[in-house]
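Here's the letter readout for the chains.
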Amino acid sequence: MISRFANPARFMRISAAALPWCGWSALAVLAAGLYAALVVAPPDYQQGETVRIMYVHVPAAWMALGIYVFVAVASGVALVSRHPLAEIAAGAAAPIGAAFTFVCLATGSLWGRPMWGAWWVWDARLTSVLILFFLYLGYIALVNAFDEPSRGARAGSVLALVGVVNLPIVKFSVDWWNTLHQPASVVRIGGPRIDSAMLVPLLTMAAGFGLLFAALTMSRMRTALNERKALAMRLNRTSRSARPAEREPLGPTRPAVGRGT
Amino acid sequence: MIGEVGGFMAMGGYAAFVWPAYGVAFAVLGGLAWHSWRRYRASISALDRLQREFGTRR
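Those protein sequence lines, which keep their order, are chains G and C.
Using the numbering used here, the first residue of the first sequence is number 2, and each one after it goes up by one.
Using the numbering used here, the first residue of the second sequence is number 330, and each one after it goes up by one.
Hints should not be assumed to be uniformly reliable.
As the list claims (entries may be wrong) - Taking beta-carbon pairs under 8 Å as the criterion, some of the chain C residues facing chain G (in silico): (1) G341; (2) A350; (3) V357.
Honestly, the hints are just simulated from the structure, not real lab data.
This one's a predicted model, so the numbers in the text were calculated from it and none came from an experiment.
Quick reminder that beta carbons are idealized off the backbone N, C-alpha and C, glycines included.
Kindly generate the complete structure, drawing on both the sequences and the hints.
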C-alpha cells in the first residue's frame with residue numbers, strides 16, 4: 002500500500018481530492034459525537050456527569066497510541082527505504098500525536114480530581130502515558146534540531162523506533178500492575194463491556210478524531226512537500242544566477258527572497 | 330427552558346471539570362488545526378509566487 006502512495010506527485014494528486022472530504026467529514030462527525038456525548042448519553046450511576054469526560058479522554062488515548070504506531074512505522078520505512086515521503090509522514094503526524102496525548106493527560110487529570118480525589122498519581126498507566134508525551138516532544142525536538150532536514154529525520158526515526166518499547170507498557174500497564182487507572186473496557190478480549198448508549202458516542206468521537214488526524218496529516222504533509230519544493234526552487238535559482246558571471250557571490254549578503262513567516 | 334439550559338451547564342455539579350476538559354480538547358486540537366491550515370495556505374502562496382517569478386524569468 003505504501004508503494005502506491007510513495008510517489009510524491011501521486012500523493013499530492015490523491016490528497017488534493019481527499020483532503021476536503023476528510024476535513025468536512027471530521028467536522029460533521031465530531032459535531033454529531035459532541036451532541037451524542039454531551040446531550041444524548043446518560044450520566045453514569047457512579048461517576049455522574051463526569052463520565053462525559055470519557056468521550057474525549059478515551060478516544061484521545063487511542064489516538065495517542067495509534068499515531069505513535071503510525072510515526073514508528075513511517076520512521077522504519079524512512080530508515081530502510083530512505084523514501085522522503087515516509088519521513089515527511091512521520092514528521093507531519095508527530096505533533097498531532099503529541100496534541101492528542103496532551104488532551105488525554107489533561108482530560109484524565111480533570112476527571113481524576115473529582116473521582117479519585119487527585120489531579121495526578123504516579124501509577125503505571127499515567128506515568129507511561131506521560132513518557133509517551135515526552136517521546137513525542139523528544140522526536141519533534143530532534144527532527145528540528147539539525148540544519149539539514151534529512152539528518153534530523155534520521156535521528157528522530159531512531160528515537161521513534163526505540164520508543165515503541167513504551168507502547169505495550171502503556172497498553173498492558175493496567176493488567177501488569179495494580180494501577181488506580183481502571184482496566185480496558187472496550188478494547189479487550191471478549192468484546193466491549195460498556196452499554197451501547199455510551200459505546201456509540203464513544204466510537205463516534207473516535208471516528209471524528211480519526212478523520213481529523215487524516216485531514217491534519219494530509220495538510221501537514223502537503224505543506225512540507227510545498228516547502229521543500231519552494232526551497233529547491235530558491236536554491237536552484239541562486240546557484241544558476243550566481244554561476245555565469247560570478248558577480249553576485251553566494252552568501253549572507255544575498256537576502257532570501259519570498260521567505261514568509 | 331432557561332432552567333433546562335442551566336441544568337445542562339451545571340453538569341450535575343461537575344461543571345468545573347467537564348467543561349474545562351472539553352475546553353482543553355477544543356483549544357489544543359483547534360489550535361493545531363488552525364496553525365496547520367495557516368501554514369498550508371502560506372506554503373501554497375509562497376510556491377505560487379516562486380512559480381510566477383520563474384515563469385517570467387525564463
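Going through the hints against the structure:
Taken as an interface hint, G341(C) checks out: its beta carbon lies about 4 Å from the nearest beta carbon of chain G, inside 8 Å. Given hint, A350(C) at the interface with chain G, holds; its Cβ is 4 Å from that chain's nearest Cβ, closer than 8 Å. With its C-beta approaching chain G no nearer than about 5 Å, V357(C) sits inside the 8 Å limit, and its interface hint holds.
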